[in-house]
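Chains as they are written, first to last, in UniProt numbering: chain Z, 1 to 358; chain R, 1 to 358; chain B, 1 to 358; chain A, 1 to 358.
Among the hints, a few may not be true.
The list treats identical chains as one, so a pair stands whether inside a single copy or across any two.
Claimed, not checked - Derived SDA-like pairs (lysine to any residue); straight-line CA-CA distance at most 25 Å:
1. Lys45 - Ala11
2. Lys302 - Glu177
3. Lys220 - Met169
4. Lys302 - Pro326
5. Lys144 - Ile205
6. Lys57 - Asp7
7. Lys76 - Asp334
8. Lys302 - Glu286
9. Lys76 - Glu15
In case anyone wonders, no lab produced these hints; they're calculated from the structure. The model shown is predicted, which means the values in this text are computed figures rather than measured ones.
In case you want the letters, here they are:
4 protein chains.
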Amino acid sequence: MTNVELDGLRARLDEINGQLLELISERAQVVQEIGVVKEKQGVPKFDPEREKAMLEKLVASNKGPFTSGTIRSLFKQIFAASLDLQSDEHKKSLLVSRKTRKEDTVIVLPGDITIGGLSSVMVAGPCSVESELQTRTVAAALQKAGIKVMRGGAFKPRTSPYDFQGLGMDGLRILREAADEYGLLTISEIVDPAHLEPALDYVDIIQIGARNMQNFELLKAAGELNKPVLLKRGLAATMEEFLHAAEYIMSRGNTQVMLIERGIRTYEKWTRNTLDISAVPILKQESHLPVLVDVTHSTGRKDILIPCAKAALAAGADGIMVEVHPDPATALSDAAQQLNIEEFNTFFSEVKASGLFR
Amino acid sequence: MTNVELDGLRARLDEINGQLLELISERAQVVQEIGVVKEKQGVPKFDPEREKAMLEKLVASNKGPFTSGTIRSLFKQIFAASLDLQSDEHKKSLLVSRKTRKEDTVIVLPGDITIGGLSSVMVAGPCSVESELQTRTVAAALQKAGIKVMRGGAFKPRTSPYDFQGLGMDGLRILREAADEYGLLTISEIVDPAHLEPALDYVDIIQIGARNMQNFELLKAAGELNKPVLLKRGLAATMEEFLHAAEYIMSRGNTQVMLIERGIRTYEKWTRNTLDISAVPILKQESHLPVLVDVTHSTGRKDILIPCAKAALAAGADGIMVEVHPDPATALSDAAQQLNIEEFNTFFSEVKASGLFR
Amino acid sequence: MTNVELDGLRARLDEINGQLLELISERAQVVQEIGVVKEKQGVPKFDPEREKAMLEKLVASNKGPFTSGTIRSLFKQIFAASLDLQSDEHKKSLLVSRKTRKEDTVIVLPGDITIGGLSSVMVAGPCSVESELQTRTVAAALQKAGIKVMRGGAFKPRTSPYDFQGLGMDGLRILREAADEYGLLTISEIVDPAHLEPALDYVDIIQIGARNMQNFELLKAAGELNKPVLLKRGLAATMEEFLHAAEYIMSRGNTQVMLIERGIRTYEKWTRNTLDISAVPILKQESHLPVLVDVTHSTGRKDILIPCAKAALAAGADGIMVEVHPDPATALSDAAQQLNIEEFNTFFSEVKASGLFR
Amino acid sequence: MTNVELDGLRARLDEINGQLLELISERAQVVQEIGVVKEKQGVPKFDPEREKAMLEKLVASNKGPFTSGTIRSLFKQIFAASLDLQSDEHKKSLLVSRKTRKEDTVIVLPGDITIGGLSSVMVAGPCSVESELQTRTVAAALQKAGIKVMRGGAFKPRTSPYDFQGLGMDGLRILREAADEYGLLTISEIVDPAHLEPALDYVDIIQIGARNMQNFELLKAAGELNKPVLLKRGLAATMEEFLHAAEYIMSRGNTQVMLIERGIRTYEKWTRNTLDISAVPILKQESHLPVLVDVTHSTGRKDILIPCAKAALAAGADGIMVEVHPDPATALSDAAQQLNIEEFNTFFSEVKASGLFR
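One chain only, chain Z, in its complex shape (with noise of 0.2 Å):
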């Protein structure tokens, strides 16, 4: 007998679910011609201490079973999802999203060499721009090794004031005169708006780096350029709050912008960062703008470059970003960590042998 009860009540189930579905759907159709009319109106769509009082309705006029908090929430979640067809259509404009753009997106440099799509890159060179001739010893040497972008710091920032803060426009010009004279392309980071229109003619990537990589007015700034930029994860930031940085580039404009993954901080102490290599997949599927991986940041250990960078493009990534030294123990940052030319050279040659660098 009990199992004829049982079919009762749910077909009772079944019945009260098809209705709460009519009543829903209809809720939303309503939800959307207010949207209508507030948007003739000019008024903003979501109207706080209306939804305020319609839970204070709910609430008062519910005889249980649930407690006014479960009714609380629940409405509040389809008060919400009603609210999300119309912002939905807002997210979907996301302008980094893969639901945006269902192509990658690929970023065409001069002499025509590209990141992203069907082929990877291998971005080297020192971690600061020093001197003439460290930076054209680095030049000449990825030159040789068939590399195509050189990344070189200028302007760098420095937990200490007292730290060595890089040449500035100096930098960028000998930068550029090394990779002109070797044909190479540039990248270096900027970290002040107000720098960015003078470091046009000197970069061909503005890098911005993970210390701002929530410094919206450097991201908005960098959105007005026609110029690539390369955007560094955050040391501790969320992959939402990566892209959101990202959206802040995009939405002025720019849409030549890449990510790059430089490892986050956690409490495991024999990696100066942790790589997170789940990120590059996500990323990749959440966005079409193309992925990189900086291989040096995010582990801070020379021994492991070659396994991680193989990692990195196994999970997806569209390219590697590494730091090379011509003589790294008298660097004046970051010396431990870079590659010397030889090592270097060993380096890219495993990783192109390994099939995954494309």
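Starting from the structure of chain Z, add chains R, B and A where the hints point.
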């Protein structure tokens, strides 16, 4: 005219809200009735197959404007709320929860010493029991300072198998004898379910350490005893996991459980762990159990024990645990962070002088 | 006989220790003399090439029993200690350091309001300045409660570019007017170096936010001003990085700097961030600057603000910051965590009643 | 003239360096001789009292320019290095260390299945053994796909005592029967030392879970067995702690140990844990043990298992573990993250197609 329009749409919205409330409430009642039938039949209340079928049906009849994903998500929440009505009773009946028991649990120890409630407790003693002399020296000092409960490790869970692992049952005996001589109660960590029974004669409070917070076999075994248990928060345990670990003990019948915050693992390097002070008021709110703070392990620094102990008490902690050793420099474990006796006396005086130690 | 043997060996050890001490001390003097010569020549004191050469030489003449690695490591430490003798002066002269300045820095604001030193300060106000009405309502309530400093965000660094970004200069004007009407001082976050100068008329304290803690261009620009600066700890900044960020400001001449702990990012989900209470005594020890605690952002939960504020004061904080809004439910940012005015009054009364607010 | 001066000072520095080297080396020899004497006497080599006395003596005779603190620190390091000479042998002889054993450990299982060395292994199966039908369904699918080792939990360590805790010994029996029917080997987690012995008939590899990584009693008991053990990294364990946990097993005689990275706890919310990919090459370098990666728990997301498995193999992992269930939606644990059989087949094909699975 649009305001008339808006008012009409809003009235319709209110109507729908009311109908949704009625339906959701009725739905909950039907689910409760089904629960009663199932209970009689001895069948589990949650039937994932049935839930899946209902969701499929709803998605199939969904004509928009919500996507299938939103419908699925909204109804999952409605289903979950109904189900929670049953397990809410279940949750309401989490034994550690303040909802189950409004009044503070007060642990009554031999000699009518209490932990929890209106007075504060200071638990002190060496990291490890190393010798009779060392233990008696501390015990004498504690008695003189007016301390009632002495800690001392006999089974030491150490990172390396080659580090000093404690004196074992011998250590417990030494601890007991010193405590008896100076009129103190004892607390010591047990790491193996098999040692619980033999330890009962030597310890007044059983400590379960951070590394064993989710050693569920040990928790269950401790739950079978009639002896107070002090449970340490795991190295990277959430508060939710911490409370559920305590529930393992209580669910087996032992209601004499105390919680102790001992710092969580973060990236910060100037402290050994990060003392999660917010955990104190949250645990006190969520649970009726006494909450202590281990200032030694949470900071790993002697020089900030006084302000941290005051902060713990100001945040509502029922007690403090601190490590004291006659000669910390020669200690077999935790050498750097134990107070010597003179330092302990200063520490305890200053904590009392603050008026926060009740 | 072996004890005689042991005693002989130990005597030889003592002798060697003494000789090592003499040599190491002489070595340090020689390095200091070299430093003097180099300073005259205007040559940098640290010469990595020379250090490398010395290490190679030592390793080459090493006949054991130490491995080359150990020799390298020991001598690097000896070299570093000698070098530190010089930079120790440098370190001793970190401007934020307690070694440079023994007495607490006390910030003197208009109307002889002070922060730091013997009295506590309570900074309160809305997350964002939203309207004149909202701001004046809060200001009136704060005046009534005896508060002297009102916060209110005009430039809001928000994760998404599509979220409310604050009223900008208009917001600052509204804040100033409300503050003047009710006899309050103002504090507001500035995110762009270009806004610092225009903001001077409106704010009595410039706040630099957590996301900009290592926006060094902003720090340097704030360092050029003659206006107190409140620097927030970054989301995942170490205390060392935090102090160095403050040093960026002080190194430019602005000595009126305050630090504020606002929670760090951890895995725990029941709080928005983890309030790092140990940072309070450590920062007070290491530095002479006032240290405040932002209880709103560190916890993200209204229900534990009272115990957390008490804990902060018990740990030695010079003040508390808390968010207050006339109607939190309708706030344009941080809706869930702001206190309403009644809640704020209860909060402040209870904090004062504890006797910890001096 | 100053260059002559500089050259003279540098020559003196070189001389002192040489003398320091000689003295330090002689000191080390004396310490070694003392060690020999002490070993004969059965006295511990490290004598903290004696070290303290030597330090006091040095500080007392220190005439600068180093501070007492620096002298203390430098000599502590010299003392530690000498002591390490003895324990270095000890460290060199950490059984898990690559220094102790140069060649990769290869685990040989029944049927000459191997883990470690040249070929990769794929371990798959349900989170929990729930029924004979469920287990046999998976086993059949795994056999068809060419899998050799099936996982399946019988003792489930669950956060709440009221969650499904596994079928216990019954579960192990079901797992064994299904495995035998389809020619598979079995792996299952054991949580209680008392269950190890009875489990030996049912499992070919004993798994020790993340929550029990520092349950040293369980590790020691597993170390007494002649059965391969798969040790999971703890939720927030450092690599150093992980290797020492493995050492607990090996130090008891069981050399058949495998390590498995399963993600660490961080602030990131888009993945369940953060897969620490750098741990793979570091563990392979530091240790000779096989290293696997559990892609299911480290990510908690089905949609990125393929790139993460490829990344793990590219980084040098010896194998992958993944959860498969005939109907994940109805699973009694880990419902959201298990692959169904079709998804598993796609997953395994793609991983093999990458050429990274050897």
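We went through each hint and held it up to the structure:
| no. | hint | in the structure |
| --- | --- | --- |
| 1 | Lys45 - Ala11 | between (39 Å within a copy, 17 Å between copies) |
| 2 | Lys302 - Glu177 | neither (28 Å within a copy, 48 Å between copies) |
| 3 | Lys220 - Met169 | both (21 Å within a copy, 18 Å between copies) |
| 4 | Lys302 - Pro326 | within (15 Å within a copy, 44 Å between copies) |
| 5 | Lys144 - Ile205 | within (22 Å within a copy, 50 Å between copies) |
| 6 | Lys57 - Asp7 | between (35 Å within a copy, 17 Å between copies) |
| 7 | Lys76 - Asp334 | between (50 Å within a copy, 17 Å between copies) |
| 8 | Lys302 - Glu286 | between (31 Å within a copy, 15 Å between copies) |
| 9 | Lys76 - Glu15 | both (24 Å within a copy, 16 Å between copies) |
Violated hint: 2 only; the structure is consistent with all others.
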